[in-house]
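Number of protein chains: 2
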Amino acid sequence: MSGLSKNKIKWIRSLQLKKNRDDLGLFLVEGEKMVAEALRDFPEMVEEVYSTTDFTFPKFNKKVELITKIELSQISALKTPNKSLAILKKVNNKESVKSKGLILALDGVQDPGNMGTILRTADWFGIDTVVCSEDTADIYNPKVIQASMGSMLRMNVIYTSLENYLATCELPIFGALLEGENVYGRSLEKIGVLVMGNEGKGIRPNIKTYINTPIHIPGFGKAESLNVAVATGILLSEFKRREGQC
Amino acid sequence: MSGLSKNKIKWIRSLQLKKNRDDLGLFLVEGEKMVAEALRDFPEMVEEVYSTTDFTFPKFNKKVELITKIELSQISALKTPNKSLAILKKVNNKESVKSKGLILALDGVQDPGNMGTILRTADWFGIDTVVCSEDTADIYNPKVIQASMGSMLRMNVIYTSLENYLATCELPIFGALLEGENVYGRSLEKIGVLVMGNEGKGIRPNIKTYINTPIHIPGFGKAESLNVAVATGILLSEFKRREGQC
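Top line first, the protein sequences correspond to chains A and B.
Heads up: the first sequence at position 24 corresponds to 1217 in the working numbering, and the numbers run straight through without jumps.
Heads up: the second sequence at position 171 corresponds to 1364 in the working numbering, and the numbers run straight through without jumps.
Note that these hints are calculated values from the structure, not bench results.
Check the hints yourself; a few may be wrong.
Since the list can't tell identical chains apart, any single copy or any two copies may satisfy a pair.
Mimicking DSS-like on lysine-lysine, the simulated pairs with C-alpha atoms at most 27 Å apart in a straight line are [as the list claims (entries may be wrong)]:
no., residue 1, residue 2
1, Lys1415, Lys1383
2, Lys1394, Lys1226
3, Lys1336, Lys1394
4, Lys1255, Lys1383
Turn these sequences into a full structure, and let the hints steer you where they fit.
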């Protein structure tokens, strides 16, 4: 048990802020399960591992640093830290969009919990590419990572000018809009872009312009709207159920 | 501007804890929009209103107490308090389940954000009754109320022994289970009970026993599971889309 220096604790904690993650090209992954997943599937991304229990991983050739529970709580961004924390290198995914299936586009989704849940849901439905407006919640935010249950590691998430991307996009562009067509009845192409908007404000007018197929989940009660992660799940489900059956 | 006494602040804050809400039969509703909705739709439930801006409501015959922003932050359970806070009387909904449509049943959903989102989603799809195991997150928890966007006020949410309820239930009982049948292909009755389980553990074995129609949302990617609120949304959507079209 070596003991973490104050400076080291401060440095690890600094990665809870986007600016520092951007500057250093690093981010935090927490929890026994997600750290094990990172070591198993993306060992080349893992820079450092801290854990309250000792373990080794065949593909990981660095040392797991044993720390105390108190030290873990000092470096963790979670209310209830869970055994391990790893520091990972960000991958450079500023490359162009090249998915062969449905692409998800997010226009200013703000809440980290929603963002993580959207990534987890998209991963469940086999979406490999998510294009985000620059002001969408950062995938390297600890709360996004936690809510994504590790799905963010597997996906190509690109932050760019959504307007520029859609302006040059030749695929059908679907958008979740209250004035859209009932999604249940209509056919949906397998390939295209599905745009989801901000929690309160929806899809911005400059982005709406590019939507050639507005769709809508019919409501049957008194709620004014659906949570954006739930709406994303329902719409992705609608796309996917047609693949096998229509 | 009268100024809130220390005791009053302490008393209002005490309603953030379930025990005190249960003892006093009161709960907090926060935010300008939700307080206005409560005053409009359920004026008989509203006991006290505190606000940083003055307003009157035709159906509400008590006085809105003007407070400062600092006082609001002292009584609020939210990180970013929003203008108004009201104290409401709980309604006694320990009565028997008497819905004429699909009923949602929750077996130990723990996270208040998930619980609130589930209620908002169920309200969207016209579900009026939710039967919860005793250990499901409290609908009067401030985080549940916030995530439900007021839907919890409109619904009949019953906390009871879920096992006893299902044992005497004569409706078809559906359950979200990994080993269930692909929901896309099969017909679904309009009337019945849909059981959703805990975030980590799913539906408990003693509850599983009563499920006569296990259903499943097919996965196409690598995520191990869906968030429970998203899964609830997708399944309720599957029930509802059949109503108009099958």
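Evaluated hints:
1. Lys1415 x Lys1383: between (32 Å within a copy, 19 Å between copies)
2. Lys1394 x Lys1226: The answer is between: 15 Å across copies meets 27 Å, while 35 Å in one copy does not.
3. Lys1336 x Lys1394: both (22 Å within a copy, 21 Å between copies)
4. Lys1255 x Lys1383: neither (43 Å within a copy, 57 Å between copies)
Violated hint for the displayed structure: number 4, the only one.
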